[in-house]
Structure formats: structure tokens, C-alpha cells
Amino acid sequence: MENFFAAFAQLDFIDLINAAMRYIFPVLAILIVGRCAISLLTYEKEPEIWAWIVAPDGTRHPVNHWETLIGRSRSCDVTVNYPTISRTHAVLTRYDDGSWSISDVGSKGGITLNGAPTSMEVVAAGDKIGLGGVDLTFEPITRREEVLQASSRTKAGLGMHLGVTLFWLTVFQVMAAFMLSLESGAEQIFPAFFILIVLQWALFVFNKLLRRSGFEIEIIVLFLTTLGLCVIASDTPEELRKQLICLAAGIFVFFVVCWALRDLERAKKLRYVAAFGSLALLAFNLVFGVEQYGAKNWIFIGGVSFQPSELVKLCFLFVGASTLQRVMTKRNMFLFIAYSAAICGCLVLMNDFGTALIFFAAFLVIAFMRSGNFATIALIVAATAMGGVMAVRFVPHILDRFSAWGNVWENALTTGYQQTRAMMCIASGGAFGLGAGRGWLKYVGASDTDLIFAFVAEEWGLIMAVIMVLAVVLLAVFVLRSADLGRSSFYSIGAVAAVVILLLQMTLNVFGTVDLLPLTGVTFPFVSNGGSSMIAYWGLMAFIKAADTRQNASFAVKLPSGRALREEDPE
Amino acid sequence: MKRMSRRAMLLLPLLAVILLGMTIFLIRYAVSADEWVVFPGSPHVYSGGNMSTGVITDRHGEVPLDATSGRAYTADPELRRATMHILGDRYGYISAPVLSAYTDEMIGFSKLTGLHRVLDVPKQARLTISAKAQKVAQAALLGRRGTIGVYNYETGEILCAVTAPTYDPDDMPDVQSDSTGAYEGVFVNRFFQTTYVPGSIFKIVTTAAALEELPDAMTRNFYCEGSCQIGADTIKCNGTHYTQTLQQALANSCNVAFAQLSVELGKDVMARYAKKLGITDSLRFDGIVTPAGHFDLTSAADSELAWSGIGQYTDMVNPCQFLSVMGAIAGGGEGAEPYLMKSVTGTYQAKTKSRSVGLSEETCRILTEYMRNNVVTMYGQWQFPDLYVCAKSGTAEVGPDETPHATFSGFIRDANYPLAFIVIVENGGSGSATCAPIAGQVLRACCEAMDAERS
Numbered sequence: 146m147e148n149f150f151a152a153f154a155q156l157d158f159i160d161l162i163n164a165a166m167r168y169i170f171p172v173l174a175i176l177i178v179g180r181c182a183i184s185l186l187t188y189e190k191e192p193e194i195w196a197w198i199v200a201p202d203g204t205r206h207p208v209n210h211w212e213t214l215i216g217r218s219r220s221c222d223v224t225v226n227y228p229t230i231s232r233t234h235a236v237l238t239r240y241d242d243g244s245w246s247i248s249d250v251g252s253k254g255g256i257t258l259n260g261a262p263t264s265m266e267v268v269a270a271g272d273k274i275g276l277g278g279v280d281l282t283f284e285p286i287t288r289r290e291e292v293l294q295a296s297s298r299t300k301a302g303l304g305m306h307l308g309v310t311l312f313w314l315t316v317f318q319v320m321a322a323f324m325l326s327l328e329s330g331a332e333q334i335f336p337a338f339f340i341l342i343v344l345q346w347a348l349f350v351f352n353k354l355l356r357r358s359g360f361e362i363e364i365i366v367l368f369l370t371t372l373g374l375c376v377i378a379s380d381t382p383e384e385l386r387k388q389l390i391c392l393a394a395g396i397f398v399f400f401v402v403c404w405a406l407r408d409l410e411r412a413k414k415l416r417y418v419a420a421f422g423s424l425a426l427l428a429f430n431l432v433f434g435v436e437q438y439g440a441k442n443w444i445f446i447g448g449v450s451f452q453p454s455e456l457v458k459l460c461f462l463f464v465g466a467s468t469l470q471r472v473m474t475k476r477n478m479f480l481f482i483a484y485s486a487a488i489c490g491c492l493v494l495m496n497d498f499g500t501a502l503i504f505f506a507a508f509l510v511i512a513f514m515r516s517g518n519f520a521t522i523a524l525i526v527a528a529t530a531m532g533g534v535m536a537v538r539f540v541p542h543i544l545d546r547f548s549a550w551g552n553v554w555e556n557a558l559t560t561g562y563q564q565t566r567a568m569m570c571i572a573s574g575g576a577f578g579l580g581a582g583r584g585w586l587k588y589v590g591a592s593d594t595d596l597i598f599a600f601v602a603e604e605w606g607l608i609m610a611v612i613m614v615l616a617v618v619l620l621a622v623f624v625l626r627s628a629d630l631g632r633s634s635f636y637s638i639g640a641v642a643a644v645v646i647l648l649l650q651m652t653l654n655v656f657g658t659v660d661l662l663p664l665t666g667v668t669f670p671f672v673s674n675g676g677s678s679m680i681a682y683w684g685l686m687a688f689i690k691a692a693d694t695r696q697n698a699s700f701a702v703k704l705p706s707g708r709a710l711r712e713e714d715p716e
Numbered sequence: 036m037k038r039m040s041r042r043a044m045l046l047l048p049l050l051a052v053i054l055l056g057m058t059i060f061l062i063r064y065a066v067s068a069d070e071w072v073v074f075p076g077s078p079h080v081y082s083g084g085n086m087s088t089g090v091i092t093d094r095h096g097e098v099p100l101d102a103t104s105g106r107a108y109t110a111d112p113e114l115r116r117a118t119m120h121i122l123g124d125r126y127g128y129i130s131a132p133v134l135s136a137y138t139d140e141m142i143g144f145s146k147l148t149g150l151h152r153v154l155d156v157p158k159q160a161r162l163t164i165s166a167k168a169q170k171v172a173q174a175a176l177l178g179r180r181g182t183i184g185v186y187n188y189e190t191g192e193i194l195c196a197v198t199a200p201t202y203d204p205d206d207m208p209d210v211q212s213d214s215t216g217a218y219e220g221v222f223v224n225r226f227f228q229t230t231y232v233p234g235s236i237f238k239i240v241t242t243a244a245a246l247e248e249l250p251d252a253m254t255r256n257f258y259c260e261g262s263c264q265i266g267a268d269t270i271k272c273n274g275t276h277y278t279q280t281l282q283q284a285l286a287n288s289c290n291v292a293f294a295q296l297s298v299e300l301g302k303d304v305m306a307r308y309a310k311k312l313g314i315t316d317s318l319r320f321d322g323i324v325t326p327a328g329h330f331d332l333t334s335a336a337d338s339e340l341a342w343s344g345i346g347q348y349t350d351m352v353n354p355c356q357f358l359s360v361m362g363a364i365a366g367g368g369e370g371a372e373p374y375l376m377k378s379v380t381g382t383y384q385a386k387t388k389s390r391s392v393g394l395s396e397e398t399c400r401i402l403t404e405y406m407r408n409n410v411v412t413m414y415g416q417w418q419f420p421d422l423y424v425c426a427k428s429g430t431a432e433v434g435p436d437e438t439p440h441a442t443f444s445g446f447i448r449d450a451n452y453p454l455a456f457i458v459i460v461e462n463g464g465s466g467s468a469t470c471a472p473i474a475g476q477v478l479r480a481c482c483e484a485m486d487a488e489r490s
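Taken in order, these protein sequences are the chains called A and B. First residue of the first sequence: 146, per our numbering; consecutive thereafter. First residue of the second sequence: 36, per our numbering; consecutive thereafter.
It should be emphasised that the hints constitute simulated quantities derived from the structure, not laboratory data. Honestly, I wouldn't trust all of these hints.
To be verified - A partial selection of chain A residues facing chain B, derived with a Cβ cut-off under 8 Å:
{"#": "1", "residue": "Ile194"}
{"#": "2", "residue": "Trp197"}
{"#": "3", "residue": "Leu214"}
Stated by the list, open to error - Within a straight-line C-alpha distance of at most 20 Å, the following computed EDC-like cross-link-like pairs (lysine to aspartate or glutamate) qualify:
{"#": "4", "chain 1": "B", "residue 1": "Lys386", "chain 2": "B", "residue 2": "Asp303"}
{"#": "5", "chain 1": "B", "residue 1": "Lys271", "chain 2": "B", "residue 2": "Glu432"}
{"#": "6", "chain 1": "B", "residue 1": "Lys37", "chain 2": "A", "residue 2": "Glu290"}
{"#": "7", "chain 1": "B", "residue 1": "Lys170", "chain 2": "B", "residue 2": "Asp486"}
{"#": "8", "chain 1": "B", "residue 1": "Lys37", "chain 2": "A", "residue 2": "Glu332"}
{"#": "9", "chain 1": "B", "residue 1": "Lys388", "chain 2": "B", "residue 2": "Glu189"}
{"#": "10", "chain 1": "B", "residue 1": "Lys377", "chain 2": "B", "residue 2": "Glu140"}
{"#": "11", "chain 1": "B", "residue 1": "Lys37", "chain 2": "A", "residue 2": "Glu189"}
{"#": "12", "chain 1": "B", "residue 1": "Lys302", "chain 2": "B", "residue 2": "Glu247"}
{"#": "13", "chain 1": "B", "residue 1": "Lys37", "chain 2": "A", "residue 2": "Asp202"}
{"#": "14", "chain 1": "A", "residue 1": "Lys703", "chain 2": "A", "residue 2": "Glu291"}
{"#": "15", "chain 1": "B", "residue 1": "Lys302", "chain 2": "B", "residue 2": "Asp331"}
The C-beta atom is built at its ideal place from N, Cα and C for all residues, glycine as well.
Chain A on its own, in the form it takes in the complex:
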């Protein structure tokens, strides 16, 4: 008993606060991510209607997308069941300026426009589109109806009061900064969190000014970013400045990519820039790159270091995404396969196994989205060839990693060093963690990047670490849920590929830490300490935002222009 009182007398004020806070943080995290989840997963789907296709029998088919596949097959967006119409007959495309076109996608009967045969032609209101001799009347909605439609659809995110959710995130950040400062006394912590809070509220207000109300994805990303800053504040506070600069740069890139995606024609043109840019970046990396931790994926310029391969992920999506008309007509993907092979080849030469794997998987996903089947011989050949090249190239590397995999406890002093320490620290933290800044894992190499899951678990608790994983899963589920509302397949492919990259990065990172997979050293999206990856991930978010067609959800999706309306209908 006297022991107890002696200890009580020495009891630190900070210890008492910490003891209480470790239960409050997970509650806040659940509140923040939970509110976003409710908003993202329970919104009512309200398909947009852009035009009507009227069949000869008078049936009116709504056109819900900017890219619409018409044919006899039930898997078409508009199914018109006449024997002379091919299973997949034509693609109706709406352009950014409100104009439309119809194009033949390899039908047997061909198409006519107002009686004249064509393979691709601009269509206007009232035009007769003939598919295999069946005349369909095209009736797009007017500008006025577009505005009406926009105003009648439910605005994104308004139901959950995202300002309130952001407020809870701010509370989390203030308390985290407070605890971290108390623990380490590092003077960089308060300013860093202050800047983070200013940045996020500026982003929120700017979003409102742009008349956009969807902010859940941003909040989730900001939540993950916050955890990342918490880790850096505990591990290396002097790197907070760098990470914040990259956060600001990331948000800037996010807007640039959103802007690029607003206009599909612009986005399509950027593909070539992206393709050449990314290859040039990697080539530059190959020549001037510096090797760190076995992979030659760093470039140092004027005291600033960055990883080009992170930014290449962004370019890869631009190159890989494709419009429906293109997907349906140009079935071969030789250029894309060649491009992917070149990218993976460069990464192989750079010895960056983890990133090469991510690109390879992203390639497979995009290829599947575009072709619809893996059976395509070219694809299989390409896949095996690339896989084979990688396997051969990385044999010593792979064998090395696989030797420890699953046996880390037997190799605790050598190849299993990081994983065993990570699991020891996860256990030490329990469900609620030891408290901000109170972990030990920071003394293990790469703990703020490769072992981030364990780092968060030790200081913030296993619950927080699991929420961190679920937050990324939430983004994927949202993309999956809203996939049938996308305007263009360009956006759908981009969004799916973006979340696949996020999920794979996370899976390799987390499962590598806990010995379910070999440790590959890839980053956890937004949380791992790393400037280039922070910028790249924010860029990827633009692709997810561009596929979010809830009304006023995102800057990457244009609203009907009031000015155009006045010009058309001066009333």
C-alpha cells in the first residue's frame, strides 16, 4: 500500500491526462470516420438523366451517363431489343460543351443518322439515329432542364453536416498536438498542427466558395494525414515542416488534377503529356537516382529529395483511363501494354520491388476494366512476361524477403528484426495505445514508413490502427458503390485504379508489418512519412473525386453553367 501512495505522490499530471486521452482519441476517430462513412455509404443514388432515346414503339429510354452503350444485350446501358440491332451496337457520347455524338462500335447492321449511313457523327435534338434499320429519336434535355436537374438533386454531404465532422477532426488535432508537445516538448509541433488546421479549413471554405458541398473524402484523407503528422511529431519533429510543405503541394496538385479532369477532352489530351512525362521522370531517375535501402528510387536536387516513382502513379492513371467509345472500338491495348512494360522495366532496374508490384497490379486492373476479360492472349502474354522478368530480376531480393516471411520470430535478430519489434510494440500498446509520443518503435529503422501500422498501434492503440485501415477501405467501398453513376468510363477506370493502388499499398504495408506478407517497404497512403508519396496520393484523390457524381460533390465535376443558360435562353 505504501508503494501505491509513494507512486501516487510522484504521479505526473501528464500521465493522468494521457490515461484519459487514450480512450478519447479512438472515440473521436470513430466519430470522424463514422460520420464520413454514413455520408458516403448511405446517400441515395439519384442517377442523372442527360437525354432520352425514343424507340419506334414509343418507349422512352433514359440516358444516364455521358457515355452510353446502346445495343440488344442486357449489359448495355440502353437496351433496344430488335433483331437487327447488334448486341453492342453504338456508343452515344456527350461532350463538355453539351454536344453529342454517336459512333458505331463494330455493329453488323451499321448506323445511320437521319437516313445517311455513318460510322461517327454529331447528333442534335430530334435527330433520328438508325441502328440496323431501327430508327431511334434522340432527345437531349435542355440547358434549363440541366439546371433544374442539378437543383433538384440532393446536394452531396449536406445531410451529415461535414463542417461538424471537420470540427471533430480539429478537436482531435488540437488534443493530439497538446499531448505530443507535452510528451516531447518539441517546439515544431504546435505550429505544424496549427498550419494543418488552417490548411484544412481553408480547403473547406474554398470548396464551399466553389459551391461544392462534398467533403467526406477530403476529411478521411485529412484524418489519415493527421495520423501521419502525429507519427512524425513523435519520431522526427524536424521533418514536420517538410511534410506540411508537401501536404500543401499535394492539395495544389489535387486541384490541378481535378481541373484537368473537369474537361474530358483536356484530360484525354493530357494522356500523352503524362505518358512521356512519366517515362522521362523514370529515365532521369535511372540515370541520376541514388540508392537507399536497396532501391535506387531517390533523386536529390539542391538538397531536396524526392521519389519520381510516386508521381508516376498519377501519370499512369491518366494514360490507363479511357473513354467508353475508345474502350469499345480500339480493343487492342498494345500501346498501353508497352507503356506499362516500360514503367515496370524501369522500376525493375531501380530495384524497387514494392512499387513495381503496385504498378503491375494497377496495370492488370486497368487492363481488366478496359477489356472485360483476362483471357485476351496479349494480356496474358504481357502479364506473364512482365511477371517473369520481375521474378527473375528480383530472385535474390525475393528469396531474401521470403526467407523471413512467416518465420520472423525465428529470425528475430536478422531478417525478422523489424516485424518482431513491430508486433512486440503492437502488443505493448494494446487496444488503446501507450499514449502520444510514448512508443519505442520510433527507434527501429523505417518505423515511420514501413512499420507505420505498428507505430500507430503502439502509441494510439490497435483500435486507431484498425480505423486507419478501415478509412482506406471506406474510400474503396464508396468508389464501388458509386461506380454505376459515373459519367464517363474514363473516370470510372481512373477511380477504380486509384483505389486499387491505395488498397494495395496499404495491404503490402500493413500485412508486411504483421508478417502476413513479406515486408516490401511501400508506404501507407497519407500516413507514412514521405513527401513525394503525400503529393502523389492527393493527386490520386482527384480521380476518386471525378467519379463522385453526387450533386455538387466535387470540383472535378462541372456544374451546369448559368452563363451558357442565359446565352441560350435570354429571359
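Fit chain B to the supplied structure of chain A, relying on the hints for placement.
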């Protein structure tokens, strides 16, 4: 676009893999987190190669080891020597299963709250042993190899468990290059980790079988003329006892009588009783797993069956296990299972578990009477003033050119001191002559320890 949204379903298997992986990980966490957390090298748990657990005390609060940060043994060198095999050494030659078993409780780990503690009060683990009894027992062995154990057969608390040889963990001798044999088997805890040839203390088992299986066992007479012929072998006795009852035969430790009894009872009955009493089982408690004893008659000739009933042949017993058999007999067929850890502050409190050996209360009463008779008529009550000791001695042959091991085991039949004991002195010669005085000293120390608790 319908096709695109369908193709997007390829996210589902990926999400399923992630959820499955997380589930596997969380299950692994639930199963093994307590092993991960004590991983050697954890700065949360270890300091300088030794686990930082807390304070280890004896039953009265005396501190033989403070492991709050590293290992600080008591300043008393005698106590250090007498408790090292329970508490472990500094270098990992001698492990301390009882401390490892309660590491989670001592470091305050739980899978829910991890290692987090608000108040950094060092945990206190209270062992059941009495520091004083340990020292007395260690001293009583006079440097001979052997082991002594005493436990409370009503609660299960082990009051004394010493093993010799031992050394001072703060002044470790050069064991490797020792050629005198003084440190032979020093890294082994003989009480918990070895088995011994029991010798005549095993006759208690044979007597129990006879009492239950032969209706006239108590009334019949045995005749001993110094030796007898069984099969091709001659069983030699320690004397010539002529006509004797079973009670007298046990007191005389008459080999002839017990050889004849064993053969009459037969292999099956002997094996059944050895099994029933638990001789061939392991005891498991507090991280300790005792080696199973040995009693195997499958290929035994009649003469070997005869020797087995006398505690020779291939018979082996673990001292701790045999002690618990004594406890069960003293308790009328049911005794407490022994244990070593009494409590860990705030997290653990030992509970008594009883163990039945399947002997009737009547059998146990008669055995008690017989063993009491042994003390009164043979070993001398003067060895145990004021204590109602019941016992059996043994002289276990261990090799043609070796002095036999002296063995001695029994219990006190007294509600105030419900203690069972076993004393084994390797190459100690005659059981009662060597061991009875040791038992007397150690039992007295244990009784004093119990008196101290009552006052």
C-alpha cells in the same frame, strides 16, 4: 457504363482479402499478444537482458529478488543460494518458470490495455515458500546433492522446495571447468525437473494396493528368513524378520514380504495403482511441468515385478509428484495440488485445487496408522518433538558401486500443520538415518513459519 460498374466489382475480392487478413491478424493478436509483448529485447519489459517484472517475495513478504529493473537478489547469501533454482540466475542457465508464467500479470499486460499503467507501482509476486524454511533445508543438506520439499496438503502451498547443489547467483562459480563434481547437475532443479529411483518409500504404493485388493492383507502373516527365491532371482532383505504382519513388514521395510505381495498382486494391479496415484503422470502448475515418473512392467519377469513393488527395477518418481501423493493419503484420499505462486498484486490470487488419488478413506486411514507406526517403532518420535509425523524411509539402490540414495517421505497428521514432505539425499545411504533428522529440522522451520502467520 453498366459494364464498367460491373467490372469495378473486381474490388470486392481485394476488399475480401484485406478483411480476411485483418481478421487473421486480430485473431493472432488475441492468441499470441502476450507472447509478443515479452519478446526478448522489448525495452518496455526488459532492462539489461533481464525481465523487469516486479518484486518477488516469500510467503511472509521477505524479498529474495527485486526484479523491478534488472535483477537485485537479496543481500542474504544463504537465501540467494536457497532460492536460486526457483527465481532463476542472471544468465539464463537456470530458468524460472514460475516467474515466466506470471510475466503478463507482473508486467501488468492485458490484451485490451497493453502495457499502459497510470501508476507505476512495481507489482509484487508473493511465492508460497518460506525463506527461512528454504535456508534451513539448504543448510540441512550439508552440501550433499539432493532435494527437499514440503507442502501444505490442505491448501497446496509449497513451503519449501530446495535442491542441491546450488550456488550464489551473485557470485557464480566456474561451473564449466569444475572437476570436483561439486556442481554436478547444478543447473537442474531436482525437485521439479528430475525423477529418482524411489526405493522403499514406494512400498506405500504396494501397501495401498494390498489393502484394497487383498481382503486378508491386514490379518495375514508374512515370513522372512533374510531372502527369498522368485523366479531365477534371489530377493535379499535388509534383515531377517521371521513372522510379521503387513504393518510390521512395512515398518521393517521387509523386501521379502513386499516381493511376495507384488507377485501376488500381479502386474496389472501394480501398474493400475501406480497410475491411479499419479506416479506416471506429470504435474502442471505455475508454468512448471514435472517429468512423469516411470512404472512399466510390460516386459517384466516375476522377479522384476517383485523388485518393482520394492521401488527398484525401473521405477522412477518425481519428488514433487510423490509429495502430492503423500498429501492425498494424508487428506484421506484427496489432497490439494501443489503450487508455488500465492498472488500477484491486483491481478492474481492462487486458488486451491484438490486432487483425488482414488484410494478409499479407510485405506488412507490404515496407511496413516502404519506410517505412524513406522515413526514410533523405527525412526524415533524424538526426531520430531510434538509433531504427529507419519513416514516411510527408503534406501534406493542406484548402481553396483554407488552408495544408495536415502529417501524419506510422509506427512504430519495435525490440523494445525497439514504438511507433507519428501527428503532425498543422493548417495546418502540409509534413508531414515540420513533423512529423518533433516525432515525434523525442515518441518520444524515450516511449522514455525505457519505459527508466525497465525500470531
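A quick look at each hint next to the structure:
1. Annotation: Ile194 of chain A was flagged as interfacial toward chain B, and the flag is violated, the nearest CB pair being 13 Å apart, outside 8 Å.
2. Violation of the interface hint for Trp197 of chain A is found here, the shortest Cβ-Cβ separation to chain B being roughly 16 Å, above the 8 Å cut-off.
3. The restraint placing Leu214 of chain A at the interface with chain B holds, with a minimum CB-CB distance near 7 Å, inside the 8 Å limit.
4. In summary, the hint linking Lys386 of chain B to Asp303 of chain B is not supported, as the alpha carbons are separated by about 36 Å, beyond the 20 Å threshold.
5. Restraint check for Lys271 of chain B and Glu432 of chain B: satisfied, since their Cα atoms lie roughly 12 Å apart, inside the 20 Å limit.
6. Pair hint Lys37 of chain B plus Glu290 of chain A does not hold up; C-alpha atoms about 24 Å apart against a cutoff of 20 Å.
7. Between Lys170 of chain B and Asp486 of chain B the CA atoms are separated by roughly 18 Å; this keeps the pair inside 20 Å, and the hint holds.
8. Proximity of Lys37 of chain B to Glu332 of chain A is assessed by CA-CA distance (about 54 Å); at most 20 Å being required, the pair is judged violated.
9. Between Lys388 of chain B and Glu189 of chain B the alpha-carbon distance is near 9 Å, which keeps this suggested pair within the 20 Å criterion.
10. For the hint linking Lys377 of chain B to Glu140 of chain B, the alpha-carbon distance of about 13 Å falls within 20 Å, and the restraint holds.
11. Taking the CA atoms of Lys37 of chain B and Glu189 of chain A, the gap is about 18 Å. The hint holds against a cut of 20 Å.
12. The suggested pairing of Lys302 of chain B with Glu247 of chain B holds, with an alpha-carbon distance near 15 Å, which does not exceed 20 Å.
13. Taken as a hint, the Lys37 of chain B and Asp202 of chain A pair is broken in the structure, with Cα atoms around 24 Å apart against an allowance of 20 Å.
14. Proximity of Lys703 of chain A to Glu291 of chain A is assessed by CA-CA distance (about 12 Å); at most 20 Å being required, the pair is judged to hold.
15. As the CA atoms of Lys302 of chain B and Asp331 of chain B are separated by approximately 9 Å, the hinted pair is consistent with the 20 Å bound.
The structure does not agree with the numbered hints 1, 2, 4, 6, 8, 13 stated previously, though it agrees with the rest.
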